[in-house]
Structures are given as structure tokens and as C-alpha cells.
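Student: Once you know that position 129 of the sequence shown is 129 in full-length UniProt numbering, the rest is easy, because the numbers rise by one and skip nothing.
No lab work stands behind these hints: they were computed from the structure.
Quick caveat: nothing in here was measured; it's all calculated off a predicted structure.
Only true hints are included.
Straight-line alpha carbon distances no greater than 30 Å define the calculated DSSO-like cross-link-like pairs of lysine-lysine that follow: (1) LYS90 to LYS35; (2) LYS292 to LYS53; (3) LYS71 to LYS35; (4) LYS18 to LYS71; (5) LYS71 to LYS90; (6) LYS216 to LYS251.
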Amino acid sequence: MEMNGSKREENEKMEECKETVVYMWGYLPGTSPEKSPILSPIPARLCGGDSWKDVCGGGCGFALATSESGKLITWGSADDEGQSYLTSGKHGETPEPFPLPTEASVVKAAAGWAHCVSVTEAGEVYTWGWRECVPSAKVTRDFGSAGSFQKDSTGKQSALPTEQAPPSDKRAGEEVVKRRKTSSAREESENPASGDEFFTLSPCLVTLNPGVKITKVAAGGRHTLILSDMGQVWGWGYGGEGQLGLGSRIKMVPTPHLIPCLEHAASGKDRPLLVRQGSVNSSGKAGRSYVKEIACGGRHSAVVTDMSYPIAR
Numbered sequence: 001m002e003m004n005g006s007k008r009e010e011n012e013k014m015e016e017c018k019e020t021v022v023y024m025w026g027y028l029p030g031t032s033p034e035k036s037p038i039l040s041p042i043p044a045r046l047c048g049g050d051s052w053k054d055v056c057g058g059g060c061g062f063a064l065a066t067s068e069s070g071k072l073i074t075w076g077s078a079d080d081e082g083q084s085y086l087t088s089g090k091h092g093e094t095p096e097p098f099p100l101p102t103e104a105s106v107v108k109a110a111a112g113w114a115h116c117v118s119v120t121e122a123g124e125v126y127t128w129g130w131r132e133c134v135p136s137a138k139v140t141r142d143f144g145s146a147g148s149f150q151k152d153s154t155g156k157q158s159a160l161p162t163e164q165a166p167p168s169d170k171r172a173g174e175e176v177v178k179r180r181k182t183s184s185a186r187e188e189s190e191n192p193a194s195g196d197e198f199f200t201l202s203p204c205l206v207t208l209n210p211g212v213k214i215t216k217v218a219a220g221g222r223h224t225l226i227l228s229d230m231g232q233v234w235g236w237g238y239g240g241e242g243q244l245g246l247g248s249r250i251k252m253v254p255t256p257h258l259i260p261c262l263e264h265a266a267s268g269k270d271r272p273l274l275v276r277q278g279s280v281n282s283s284g285k286a287g288r289s290y291v292k293e294i295a296c297g298g299r300h301s302a303v304v305t306d307m308s309y310p311i312a313r
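Please construct the entire structure, taking both the sequences and the accompanying hints into account.
Tutor: Here's what the structure looks like:
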């Protein structure tokens, strides 16, 4: 049946009116004066004539998303939330573009407890936030060893998992906390940037081997995974629970490391073999399986292969 002109015009108008809507709920303190949790989904409004493309996982006290124009969007933090406020670009109630040192469009992004990671259409990865989560940053001390909560320079709590550490490290961390607790408000106002030693506020480009193009990123509590167009996965950050998949409980991996991947034996048996990702067989062809999707939890990781076989770390 042929559609008449008026009906066609009506359908075209309906197509034009379609708009992607992002809903938010939970703990986003910067979205309301009372800083109370949002108990039911409400729309998040994106200004500036742009439109939503996707929402990103993670973010402790702030939200992360991408727009159709390729911008990275952050919002939801409050100015007394310490690391969350700094990591999110100090964006509170209104979703706003986060400034990156590149004009390339952002295709994927993710956030951890206090760090963010994004990848552009050119396959470049940028990360910022808690300094131990940024490969190009120098880690001076793992203050997470002192307990489950630390105080930053402004006296705000920053959530970190409790780690087991030697007594000497614990005493050092406790002493740092004690000094911070006794610092006066006057000292804080005179030196508001004293906490910068723990944060990389400007996004840093992650250095990888030449020719590597990253397509997806994932952020855990204090670790990061990235996936290349060839199905290879790199990881860095905290690995004390084995979440980096390197076969050990190494506490800190400061640079991106290629992660071995589990692959079913060619015989079809349910016996996993530990092989190198992107391995090449005797015929010169790529291996039978490579990773398609990556995900990070607070202290674990998971991937999905092209054989739809989930692997947990």
C-alpha cells in the first residue's frame, strides 16, 4: 500500500522529534541543593544543542556519558566531595563537556572510584584522576594501605579498599591521616592545591606500542582495562585481588601490560588453555579466539570472547 503525502510527512516529523533521553538516579550530590539521593529515575538534561549518545559505567559521586558530537560529558559532583569533584571536572548539577587535550571524538569512556578513562575515534586513550591509576604519573606512596578510608588535603573522605600492609606502612599512613586531621582551616584555605600530589587533573595520553588502536575501555575501583581492535587487552593499576589477570596478586602495575587470555582447546574439550592474546599459529593466521568485550568491577574484571565465552579475573 502506498503511503499518502500527509502520512509520510507525519512520520518524517516523528522521526525528527525522536531524541535519546538519559535518566539518572542514586547518589549524585551535585544535582540537588540538599545533596540527597535520587530515589526514582529523572531525566538528565544536556544543553548546548547536543544530544546524548551513550552512558558510561562507574563514577563514585558523579556521572559520565558521551554525546553525539563526540564530547565527554560529566556531572553530578558536589564541591565538598573531594576527589569526585576534582575527577569529574567540577561539574555539578548541569551535564557539561569535560575538556580533553584533543579535538578527536570520544567513542567510549568509563569511570572508577576516583579516576576516568576515555578513548577517541583515533584509538588514543586518555586517563586522569587518582594518580596511581594514571600510567604516566609518578606514584609516591600507596596510602590505601593505611585503611579503608583516608582523608585528602581538604579533610574529605576518599573511599579506598582496605589492604593488608606491613606495620611500618600502616604507621606511616596513620601518621599522614593524623597530620591531615589536625591541619587547620586556615592552612587549607592558604594552600587549596596541596592535594594535587595525589591527583592528575589533566587527562594524560596513555603510551602504547606503535600501531595499537584501542576501541574500548573499562575502569574498576583502582584498575583499568583497554581493548584493541585486534582483541588484545591491556591493564594497569591496582592488582592485589588478581583483577589484572597477570597470575599474581601484584599490588601495583604502573604501566599497561598485555593480559593473557583463556581460550578453549581446539579439540573442543572444556579444558581452558592459557595462551597469549593475538597469538599466531603455524599457518600464520590469528588464534581461534579473541576478546570482544571488557568490563571491570570494584575488584574484579571480566571479558567476553568471540566464542561468547565469559572469562572472569
